[in-house]
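Here's the letter readout for the chains.
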Amino acid sequence: MPNVEVSKKDLQKLIGRKLDAKQLEEAIEFAKGEIELTEGDKIVIDEKDTNRPDLLSAEGIAREIRGRIGIEKGIPKYKIKKSDVSVIVDKNVAKIRPYIAAAVVKNVKISEEMLVQMINSQEKICGTFGRRRKEAAIGIYDWNKLKQPMHYRAYDPKAKKFIPLEYQIEMDLEEILLEHPKGKEFKHLLEGFSKYPIFEDLIGTVASMPPIINSQITGKVAMDTKEFLVEVTGYKQEIVNTTLNVIVSAMAERGFAVYSVKIKYPDKTIVTPDFSPKKINVAIEDFKKISGLELSTKQITVLLQKARYDVKINGKKLECKYPSYRPDILHPVDVIEDAIISYGYNKIKPLPLKLATVGEELSEEKLKRAVEEICIGIGLQGILTFTMSSKAKQAAMIGLDEKKEQFVEIANPVSENYVVFRKRIYPELLEFLAKNKHASFPQKIFEAGKVTELKKASETGVSEKNKICIVLSGKGAEFTVIKGVLDAVADNLGEKYSLKENTEPALENGKSSAVDIAGRNGFFGEVKKSVLQKFGLEQQTVVLEIEI
Amino acid sequence: MDLKQKVKSLSSIESKALKALYSEKLKKMDEIAKKSGLPIDSIRRAIEWLKEKNLAEIVEEKQEQIVLTAIGKSSLRKALPERLFVEALQALEGKGSLEQVYKKSQLNRPEFNVAMGLAKRNAWISIQGGKETILEFTGLEKDFIEGNYPLEKTMKKIKEALELNKEEKKALQEALKRGLAEKTVNVEKKARLTADGKKAIEMLGTVKQRAYNVHGAVPKILVGKKQAYEQFLEKARAKLVAMGFKEMKSPMITQEFYNFDALFQPQGHPARQWTDTYQLKHPKTGKLPGKKFVEQVKAAHENGWKTESKGWEYKWSEEIAKKVMPAAHGTAHSARQMLNGVESPGKYFAIARCYRPDVVDASHLIEFNQLEGIIVGNELNFRHLLGMLKEFAIKFGNATEVKFFPDYYPFTEPSVQLSAKHPVLDWIELGGAGIFRPELTLPLNVKETVLAWGIGIDRLAMLTLGIKDIRKLFSQDLTWLRNARQVVE
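Protein sequence lines, in the order shown, are assigned to chains A and B.
The first sequence stops at residue 548 when you use my numbering, and every number in between is there.
The second sequence stops at residue 489 when you use my numbering, and every number in between is there.
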């Protein structure tokens, strides 16, 4: 959920109406935002909809609010002036990063608030909708420093040099990928290509290396910049167009003048930005079916106009046109939600749900609880530990070979304490005891929970089982006692068990055994002194662990 | 109160005092204390209580007593003036002038005069007048020098409160006269059993008595119990079963297909990236369900299939869907349940262990639980969803009021966030919900409307258990767990 930071004054100005704190909070809810923090003039909004890049700026949020609170209705109208600016796309980018869209913006009046919104929203749009620059990378340039036509083409890594943003020295393209922080962060997007894309002007002045970095000289917008060139690259024309529309329409919201650019591909020419609305048909009856609200067609129309749709009735359907900056509308349900939001969630009367169904818990939960009840009857304290663990605990410390032991293992661990999924519970409980040496003895604990093992034949390649683990520690924690516990568990489950030779290396030979209770395997016995030492335990300790 | 009642009401020290009194013969307090083994103060208190209950009688005995005065005590400790006088004359070899003896004795003048008078009366010395007064032993002083002096013996006996013989009684008169001893009156409390008390002793063995020192600490009993958070989850499970929900399987490890693809989450989505979800080194892949489901899900992603949707318009990869991962949310299990078949009407839930790579702190765990579920049926709409959420808010959050906010989940439309007014904590975010998108339900062959919901169960557990640090849900503190109160609701 991206956070959008705005200036309260700027937002009020963009909305065009002064709202008090409560009104503003409610208005922001219409834009699927929640105020996280208010600090003086600063408001931090948690924008929940990661599919609405148009709501990642103060301009976009204000535009949405203006519709919902009735200041404007329908699709916002922006004028696009024609220009003779063109971008010439070389065929050698076709396999690397084929599509581009661009616009020129004039009459720019930069304010600090505007600059902050532009930079932050650009980053957030690339991060979410742009799929971390993969689907959309944005560049904004000082248009007065460039000479048209612009060229979008690929160069050999050593064949081009420029000063990347925030640097003082010229670097070639390979150096940028290897040394510049943004190069390192995004070089995977150009992996496997022998040439890298460059966006440059008529005389070869570099504007940027998409999707990595802008030029320090032309690709840095400052307080005195008068005209912008905006450009978006990616893999799909529709996505780069939508992204450009989001950025440029936000600028138009501040009254800047938008000029079109011709994109000349080897085989065709298109003109961007294209603000023509998109269209979707929604069956009128579906509004009622999904919302449960008795609404007339007229009412639905008003609700959608508030959500900035233009609506036309076409028989049993509504022909809904929506702004070109919205990529999130895939299905009629998306339009229906917009109507319900305009209606107001808290104005809806909830209906009681009357369905005659019979509840039931999983059978393994029933068995687990039966075993837990036996443990409680014995007087044991229940414990809950994590199912993720370390290799040391699950192998080396209990006498197993860390290298040979096979685990369900994490590829991207955050901490070495949580690298594998546990196969056994008792190492976790021994660690628990080690943290509680100051508590009164005897310490008698249990945990019923899941363990995993690799199992090729299973659907996920993993077998998951419930186990009960009991650990007793202190004076008198001896073999006979833990065998008594085993008897109590087996008797109370009405099962017989058979004993086999112990194979659990952490348990003392001759004072331990493997056990089979009606096909459920386990082991019990006294824990070796050497193992206790590894966990930092001094008191005698016995363990019982069986599948349930 | 009859006698039996009285015996019943006796405290531990009262019973012991009663037994120590034993007979109707008067006994001193220290005697009783010694016999009962209780401190004297406790006995005094107990006897008073017994008197109130008419089981004992207290008699105050006045007794004349002779004790040493302060001068008497100090004289006994150092020496009597007469002895200092005799010792001084001894030092002068039995003869010397009055002034010589006076100086040697280091007595003051009145003491010296008394001492000389006594020595004269006892005929230990002779006094010869003249220019100088000369004092000289007579030979009768020997007995005294050897320590045979009745006054001294008497004073020692007084100090030790021993009985005096006839000769010593005479010496006592002198001691009193000289202010070395004095007479005092001592009041001593003695106690004896009353007739009822005597009967009460006989009943002590047969009548059950009240608990002893009721305020005293007793040894702690550690009861066997479930871990606090598990108790809470069990209550939640019981509530859902009572509401007609069936529990779904919730494996820890799942295919991405269920965690993402079947939920219409596009494969390039940032939420599917390395930094947002755990990925596995072993094993890497699992099996996909039947071909029909895979084809339908693929088509929904690529072009919307028959759902009226545009789809996400990209090339869907089976290889990505096959990958296995630790479940990142409980909704994965709803997808699996729908694919395996759901009843209509039907209600399902899962308490799912979920995993996300995060830095563990007071509000984040890498392993946590989610309570999620679905409701399947015809004729279900958004108002039913709100109705169900309201019911949840009351059942799980003790809510007095609810509010709904627009929200976003990739798998539901419309989506809603539930806030509840808690009687103590004011407004809290309780969970999220929505109606599953057709792009999700139809490819899984579910034609009915499916309402989906999730409750922030970990947060609720923290509120119920009164803890501020989420790590405490998996507490590693045995003492805290032993002391945690039982979860009732």
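Please note that the accuracy of each hint is not assured.
Label pairs and their computed distance ranges (CB to CB) [what the hints assert, rightly or not]:
id, chain 1, residue 1, chain 2, residue 2, range
1, B, S363, A, E26, 39 to 45 Å
2, B, A271, A, T297, 36 to 42 Å
3, A, V221, B, I394, 28 to 34 Å
Distance condition first, Cα-Cα at most 16 Å in a straight line; then the derived EDC-like pairs of lysine to aspartate or glutamate [claimed, not checked]:
id, chain 1, residue 1, chain 2, residue 2
4, B, K249, A, E409
5, A, K366, B, E48
6, B, K281, A, E26
7, B, K403, A, E26
Far from chain A, by Cβ distances over 12 Å, these chain B residues were calculated [what the hints assert, rightly or not]:
id, residue
8, S9
9, V59
10, G94
11, G96
12, T138
13, P150
14, M248
15, R353
16, K403
17, T412
18, I435
19, M462
20, G466
No wet-lab data here; the hints were simulated from the structure.
Just so we're clear, the structure is a prediction, and the values are computed from it rather than from any experiment.
Every residue, glycine too, gets a C-beta built ideally from N, C-alpha and C.
Outcome of the hint check:
1. In this structure the supplied range 39 to 45 Å is violated for B:S363 paired with A:E26, their Cβ-Cβ distance being about 27 Å.
2. In this structure, B:A271 and A:T297 meet the distance hint of 36 to 42 Å, their C-beta atoms being roughly 37 Å apart.
3. A hinted range of 28 to 34 Å for the beta carbons of A:V221 and B:I394 is inconsistent with their spacing of about 53 Å.
4. Distance check on the hinted pair: B:K249 and A:E409 sit about 22 Å apart at the alpha-carbon level, beyond 16 Å; violated.
5. As the CA atoms of A:K366 and B:E48 are separated by approximately 62 Å, the hinted pair breaks the 16 Å bound.
6. Of the pairs offered as hints, the one joining B:K281 and A:E26 is violated, with about 46 Å between alpha carbons and a cut-off of 16 Å exceeded.
7. Taking the CA atoms of B:K403 and A:E26, the gap is near 12 Å; set against the 16 Å cutoff, the hint holds.
8. With a cut of 12 Å on Cβ distances, B:S9 stays outside the contact zone with chain A, its closest approach being about 35 Å.
9. Remark: the non-interface label on B:V59 is consistent with the geometry, its nearest Cβ contact in chain A lying 51 Å away (cut-off 12 Å).
10. No beta-carbon of chain A comes within 12 Å of the beta-carbon of B:G94; the shortest separation is about 80 Å.
11. With a least CB separation of 80 Å from chain A, B:G96 remains clear of the 12 Å interface cut-off, as annotated.
12. Every C-beta of chain A lies more than 12 Å from that of B:T138, the closest at about 83 Å, which supports listing it as non-interface.
13. Once the 12 Å rule is applied to beta carbons, B:P150 is consistent with being away from chain A; the minimum gap is 68 Å.
14. Listed as a non-interface residue, B:M248 fails to keep its Cβ farther than 12 Å from every Cβ of chain A; the least gap is roughly 8 Å.
15. Annotated as non-interface, B:R353 brings its C-beta within 12 Å of a C-beta of chain A; the closest such distance is 7 Å.
16. Against chain A, the non-interface label of B:K403 is violated: not every CB pair exceeds 12 Å, the least being about 6 Å.
17. For B:T412, the non-interface assignment is contradicted: its Cβ lies about 9 Å from the closest Cβ of chain A, within the 12 Å cut-off.
18. Not every C-beta of chain A lies more than 12 Å from that of B:I435, the closest at about 7 Å, which undercuts listing it as non-interface.
19. The beta carbon of B:M462 sits about 14 Å from the closest Cβ of chain A, which is more than 12 Å, so the claim that it is off the interface holds.
20. At the 12 Å boundary, the C-beta of B:G466 stays outside the reach of chain A, the nearest C-beta of that chain being 17 Å off.
When each numbered hint is compared with the structure, violations occur for hints 1, 3, 4, 5, 6, 14, 15, 16, 17 and 18.
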